[in-house]
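K.L.:
Residue numbers (the UniProt record's numbering), protein chains in the order written: chain A, 1 to 195; chain B, 1 to 195.
If you are wondering where the hints come from, they were derived from the structure by calculation, not from laboratory data.
Hints may contain errors.
Because identical chains cannot be distinguished in the list, a pair is counted as satisfied if it fits within a single copy or across any two copies.
Stated by the list, open to error - As a list, the in silico DMTMM-like pairs of lysine to aspartate or glutamate whose alpha-carbon atoms are at most 25 Å apart:
1. Lys64 <-> Asp118
2. Lys153 <-> Glu172
3. Lys191 <-> Asp179
4. Lys153 <-> Glu88
5. Lys191 <-> Asp143
There are 2 protein chains.
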Amino acid sequence: MARKQGSHSEITGPKVHGAALRLFAQHGFAAVSMRQIAAEVDVQAGALYNYTPDKQSLLFDLLKVHMDELLTAHADAGIKGTPLEQLEAFTRFHIAFHLERTDLVFISYMELRNLTPDNFNIIANLRRVYENALEQILIQGQDAGYFVLQDTKIATMALIAMLTGVAHWYREDGRLDLDTVADLYWDMVRKSVGA
Amino acid sequence: MARKQGSHSEITGPKVHGAALRLFAQHGFAAVSMRQIAAEVDVQAGALYNYTPDKQSLLFDLLKVHMDELLTAHADAGIKGTPLEQLEAFTRFHIAFHLERTDLVFISYMELRNLTPDNFNIIANLRRVYENALEQILIQGQDAGYFVLQDTKIATMALIAMLTGVAHWYREDGRLDLDTVADLYWDMVRKSVGA
DNA sequence: CGTTGCACTGAACGCTTGTTCAGTTAAAAG
DNA sequence: CTTTTAACTGAACAAGCGTTCAGTGCAACG
Numbered sequence: 001m002a003r004k005q006g007s008h009s010e011i012t013g014p015k016v017h018g019a020a021l022r023l024f025a026q027h028g029f030a031a032v033s034m035r036q037i038a039a040e041v042d043v044q045a046g047a048l049y050n051y052t053p054d055k056q057s058l059l060f061d062l063l064k065v066h067m068d069e070l071l072t073a074h075a076d077a078g079i080k081g082t083p084l085e086q087l088e089a090f091t092r093f094h095i096a097f098h099l100e101r102t103d104l105v106f107i108s109y110m111e112l113r114n115l116t117p118d119n120f121n122i123i124a125n126l127r128r129v130y131e132n133a134l135e136q137i138l139i140q141g142q143d144a145g146y147f148v149l150q151d152t153k154i155a156t157m158a159l160i161a162m163l164t165g166v167a168h169w170y171r172e173d174g175r176l177d178l179d180t181v182a183d184l185y186w187d188m189v190r191k192s193v194g195a
Numbered sequence: 001m002a003r004k005q006g007s008h009s010e011i012t013g014p015k016v017h018g019a020a021l022r023l024f025a026q027h028g029f030a031a032v033s034m035r036q037i038a039a040e041v042d043v044q045a046g047a048l049y050n051y052t053p054d055k056q057s058l059l060f061d062l063l064k065v066h067m068d069e070l071l072t073a074h075a076d077a078g079i080k081g082t083p084l085e086q087l088e089a090f091t092r093f094h095i096a097f098h099l100e101r102t103d104l105v106f107i108s109y110m111e112l113r114n115l116t117p118d119n120f121n122i123i124a125n126l127r128r129v130y131e132n133a134l135e136q137i138l139i140q141g142q143d144a145g146y147f148v149l150q151d152t153k154i155a156t157m158a159l160i161a162m163l164t165g166v167a168h169w170y171r172e173d174g175r176l177d178l179d180t181v182a183d184l185y186w187d188m189v190r191k192s193v194g195a
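Using the sequences and the hints given, assemble the complete structure.
P.N.:
Next comes the structure, spelled out in structure tokens:
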């Protein structure tokens, strides 16, 4: 048997990355074998190498695309207004974006250590750009008297951790929908910065 | 060569678990081999089986001891007083405990999926007990009018995520010491619950 | 001093890993 | 209808995996 009907590169390629994403999130990068990924796509392990030079690149590509999408979506969100309005927009954007990609959030926060040093630095820098956007809002709000913060750097880390944590427990079929969750978190974020 | 001078069970045993902890935190459970752990202890791989029945138990024991210590320390902390005082005590306890065990925090939040279902349930239940302690403080404070919260369950998750996140970026040789960090976090926690 | 027993070695076990590649097949191109 | 080519198979590779175990030598015990 060779090529199956209707099975082309443009179809198999995304399926490979999709299967890798799901399996990495569920079991962890190191615990997933190329053969498991291949089985999920109904293909032999060797065929995967038509779509990735190696396993490491599979992980890196996932994270790179994720960070690029995050920064693009963040830019497209066009966050503006008073620092208070910006903080609310950022909060809602972050929650919505991450709740739609819980698998990637998992991988982003757990598998960075499995990247080669070069790949790690690329991803870490992209993350820093995003976190800086939040810190700038806090600094502006602090200077303009909207917020009362003792340390904007720590506040940034605290808020990011709190907001990203939502992806760890949220279930689509749970008692709360996305907008309600965002409302609840925004209420806590607003208070925590003293606004 | 056989037994080396001064190398006994009471010494090697803890060294094995210590090396496993460090390596699991750094590279992840699945990415660490028994031979790597053995090398760290200056021993052949086979010798590890004097101290653990298998690799899985090594991970489980680490997590089980961690959770037991957490609950014991929490009980010993003797948290009491008004809900506001309790929340402050909880916050400071949580940060101090977790900053002294950043490696275990890492493992606790990343390697649960590598536990067998039975082992997973044991650890997950212990964690739930701990999280319930925080939620009870929030509920009492809410009822007594100390706090203004829309949803105590979500507030619990949000606060735990925020407080535990500190272990991910804190460096002992950084610009802030433990007490200062606790002060800063307590300020944000207090505000976020509306007190 | 002779014996016991523990801590350990080093080799081996069957299995899985990531990766390569010659060969096969079906679809597209001429 | 023939040729080309992209997509995939299936076998193979060396390396590494977790785990077992017979054997070795030291320390403590009687």
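K.L.:
Each hint needs a verdict: does it hold in this structure or not?
P.N.:
These are the hints, each one checked on the structure:
1. Lys64 <-> Asp118: Within one copy, since 12 Å is at most 25 Å while 35 Å is not.
2. Lys153 <-> Glu172: Between copies, since 16 Å is at most 25 Å while 32 Å is not.
3. Lys191 <-> Asp179: both (18 Å within a copy, 23 Å between copies)
4. Lys153 <-> Glu88: Close inside one copy (18 Å) and across copies (21 Å); limit 25 Å.
5. Lys191 <-> Asp143: both (17 Å within a copy, 19 Å between copies)
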